[in-house]
Amino acid sequence: MKLSRKFVSDYIDLDENLSITDIADAMTSVGNEYDSAGKMVECTKLVTGEVIECIDHPDSDHLHCCKVDIGSEVLDIVCGAPNVRKGLKVVVALDGAKLPGGEIKKGSIRGCVSNGMLCSKAELGLDNKFLVEKDKNGIHELPEDTEIGLDALSVMGLDDEVIDFELTSNRGDLLSIIGMAYELGAIYDKKVKDIDLNYNSNSEDINDSFKVQIDTPDCKLFLAKKAKNVVIKESPDFIKNRLIASGIRPINNVVDISNYVMLETGQPLHYYDADRLGNTLIVRNAVDGEKLTTLDGQERVLSESDIVIADNNKAVGLAGVMGGLSTEVEEDTKNIIIESAIFDPIKIRKTSKKILRSEASNRFEKGLDPRRTYMAIERSCALLEKYADAEIVGSLVECKDLEIDDKVIDITLEKIERVLGIRIEHEEVISIFNRLGFMVEDNDSLLRVTVPTRRLDISIEEDLIEEVGRIHGMDNIEGKSPVLDVVRGTYDSTRRAIKHKLADMGLNETMSYTLIPNGEVHKFTNDEFEPVTLNDPMSEDRNTLRYSLLYSLKEIYNYNKARNNSNISIFEIGKGFYKKDGIYQEDLKLGILMSGDYELGIGNTKVDFYYIKGVLEELLYFLGYEGRYSLIVDNIPEEFHPGVSATINVSGTIVGTIGKIHPSVLKDDVYAMEINLTKLLAIRTGSMKYKDISKYPGIIKDVAFIVDNKLSNEEIVTAIKKSGGKLLTNIQIFDIYPNIEEGKKSMAYKLTFEDATKTLSDEEVMDVFNKVIKDIESKFNAKLRG
Amino acid sequence: MKEQAESIKSEVVSSIKNVNTLSDLANLKAKYLGKTGSITELTKNMKDLSIEERKNVGQITNILKNEVTEIFETREREINDAILNEKLSKEVIDVTLPSKKIKRGSLHPMTRITEEFEDFFVSMGYTVYDGPEIESDENCFQKLNIPVGHPARDAQDTFYLSNEVEKFLLRSQTSTAQVRAMEENVDKGPIRIVCPGKVYRRDEDATHSHQFMQIEGLVIDKNISMADLKGTLEMMMKRVLGEKTKVRFRPSYFPFTEPSVEVDVTCFKCGGKGCNLCKQTGWIEVLGAGMVHPDVLTMSGYDPKVYQGFAFGTGLDRMAMFKYGIPDIRTIYGNDIRFIEQFDRKDED
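Chains as they are written, first to last, in the numbering used here: chain S, 1 to 786; chain W, 787 to 1135.
Hint data in this document are derived by calculation from the structure and do not stem from the laboratory. It is possible that part of the hints are untrue.
To be verified - Here are the simulated lysine-lysine pairs, DSSO-like style, with alpha carbons at most 30 angstroms apart:
hint, chain 1, residue 1, chain 2, residue 2
1, S, Lys45, W, Lys887
2, S, Lys701, W, Lys1091
3, W, Lys1065, S, Lys129
4, W, Lys953, S, Lys480
5, W, Lys887, S, Lys480
6, S, Lys501, W, Lys1091
7, W, Lys953, S, Lys523
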């Protein structure tokens, strides 16, 4: 909403010493933010003058050398405009004048002295949409009776100031000059002046010749009046200038008046050419597929949620959004029907979102004060009579299905204090309500407040408390510490611990987008699930919620590789989404991707499967799953290398996948893993307990077996553990010699034997050790390596 | 006798100078102090002497023996030192070569800022609440006083799920946690939570990302006021943006709070003097807050005559951008290693 200072000054006396920024800041402090505040036209040193001599420039085919009387002196000015001529009253930019195009300086043009510039409207910086052809093609022609030597902007009525507000959606009442006047009145403690609604009616009764029928619950108030014999012409300057200041393009006096009244009252109006309209208007919902050609010449296909204004045959207007082409007011229009109505805000919002957001629809959407519906139609008649020579037909067509009552709300000072946390004195509270134009019945502690219908946003005590706080100054509330019971605050410490553990292990945490392309959602997993997709995505690249984090990590890898960033070891914790049995599910997942060097410096080492496995084991150990997990080479998703990957089994549940990314997915050696933390953390772990440290020294024995190449370390270790029993407390592989014989490898282990209760004898250890050797030899057809 | 001892001593002193190895030193030592060494020899004929002379000779040779022994020990230390130094001189390394280090890990700036907020609130008895990112329209809008068709929905252009328009969506605000926390609290007693998390809106430019993070706070009790809200936010902003930070309340509008305020903080860049960042105002808008609307309390089963409370919500991305001086929100989700690696140090307390 753009507020013209001149316009609002019709309704409230603002102190002349207040700058436009003072006013804007004061409005901000009561909750009405603004985007900009300043002059309507940012130009300096413009005066009115008269061209007293105009001769062709001797050295140019289009320039003129002029003598311009500006009252105090006569200036030589060179002008190129085709319409410059002797006797013309003009706008003169003096030496040093600042215009949007730059500063005017004395000088000479092709040998002729030029001490200023004669200006067009375009050169004053008015937006193109407010200019007509003549404003762009030539200098501005002031009326013949213009006095010379005056401030030109003031003579033209462009010496206005404008605040461009960004209002909150509850304050529809501020989308009007009068509403703004009430708000400023509350701030500066000033009374709002009455609006002039006086006009003469003829002796006819509109109801004799015109009917309105409401066939929809979406219109609770519809008023119509008729104006006859209007004379369509240009609007007076003050109307045009105020429309321009408010951002609306002037068209002609009749159209301009409808917009002017909308700006004043906040009530949008619509004018129909009465002679092109039947004698009945029907307000109804559109029929699905119904067609209407709107003012802009476009044919619209309507649906049932749209409200239309129709004659007996067809729709002639889209209620609250745009009029129809067939009944548009045109240059030759003589008689008009004025519509002032209230339509359902939600329906208007829906239609306008589809068709066009306009000044009118914006106001309908926010809700309207029915009193203003009456006020606007009366105001419209008054202005049409005055500025379009209209003859107003007597009486009013009125279809009304609502009560117009002020709201009465009771409130106590205690309640105000309890909510705001500060004491505001009785007198001040009453004064604030009075300044806002609310009536107060003062029964000591209980205040009965009557809120006028224009304040649609106020309906409960808390709304009144906000008004008190707003005008008193919300920032005048002193902060204090809440007095609350002492309770324990908690957070998800496991998730945090995992993040810190991984960062401590040298991984960088990433945070990527949840939305991914639909074609990628089933990658990096063999799980069967129903993915979650968006109804109206911003792009095809982001139309589906990810299930696995590994697509995102792969993309991060590619992004970094393209920027020559190497040694990428990253992790991310985020949610994976799917739908199961009609219910949306979110599992917390951990994704890790590693490539390049992990240990840095000279002799750096490249990440391989065993590094990422090390990260996995360190994490599982940290979370308490030591000895309860295994890797199983089965059901590997096809995005993983089939020979260098495994699924992760913890206590019998598959919680994730680990391995090398398949070379067809990423050419480089890249390793990744993903764990479903929701599944993993559901598996209970024991609490951390102290274990006795053996007082007796352990005995270490080395042994190496020659076994089949295909035999896994885990199979051997499991067998050794089983065979060694209680005394065997640790098994550590320390050497692997592949292909020591045809199809055979050597696996060397360090076995630690301990007894917490005594020192073991050699014989006791040898008994167990020999049993282990015998068992392994027989179980795997292994040979002891000599 | 005395002269003889002196001459042996000076002979040792002069000859030991040329000895440079431990074996030569041992040989030389044997020559004087061995079984047949010249100092040992001096005492050989003692038994033939008178008691008086024996005492004298004994004394002289003992002194000589001690002195010579010390000379040998000193020389032995010198030779050992020389050998060690010789060895060490061959072991010099270039200390400026790079260390053997494991890659440096880091936590994402959004994690860091989230933890900072969490720690602050947990220390004051708040519980960190984690709600789902897929939400019902009811929890995200309707129960927050934003019915279907409400103009406030405009500001949050929402991602609805396929075939779920006005039913299920990606949450557009963490305020959903207010509804969930109140509904889940079966005894309808006091509540103190914060909910940090991802939110989604159809919006994308240098200051808006379609995915970003918010933190929502909610305190419900019998006597919670706007003054408590201000006090809490003042403490919070000082903790995150520095002790000098000031907080300003401006009236505003949110459908789920009444009264509502926008909260500004003094510009962290210029300290409130006015600069480009704060558009010369000295203030930066960071947060929306207010007293929970009685309708919102009622819809989630609370009696607004008994309970009231405050709620606030702020963008964590903006907080991280302020705190670390990150100019473009897209950097945060770009995951360039050179960006995320920077967040690898302990924060100042």
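Here is how each hint holds up against the structure:
no.: 1; hint: S:Lys45 x W:Lys887; result: violated, 71 angstroms
no.: 2; hint: S:Lys701 x W:Lys1091; result: violated, 77 angstroms
no.: 3; hint: W:Lys1065 x S:Lys129; result: holds, 29 angstroms
no.: 4; hint: W:Lys953 x S:Lys480; result: violated, 40 angstroms
no.: 5; hint: W:Lys887 x S:Lys480; result: violated, 49 angstroms
no.: 6; hint: S:Lys501 x W:Lys1091; result: violated, 48 angstroms
no.: 7; hint: W:Lys953 x S:Lys523; result: holds, 28 angstroms
Hint check: violations occur at hints 1, 2, 4, 5, 6; the rest are consistent with the structure.
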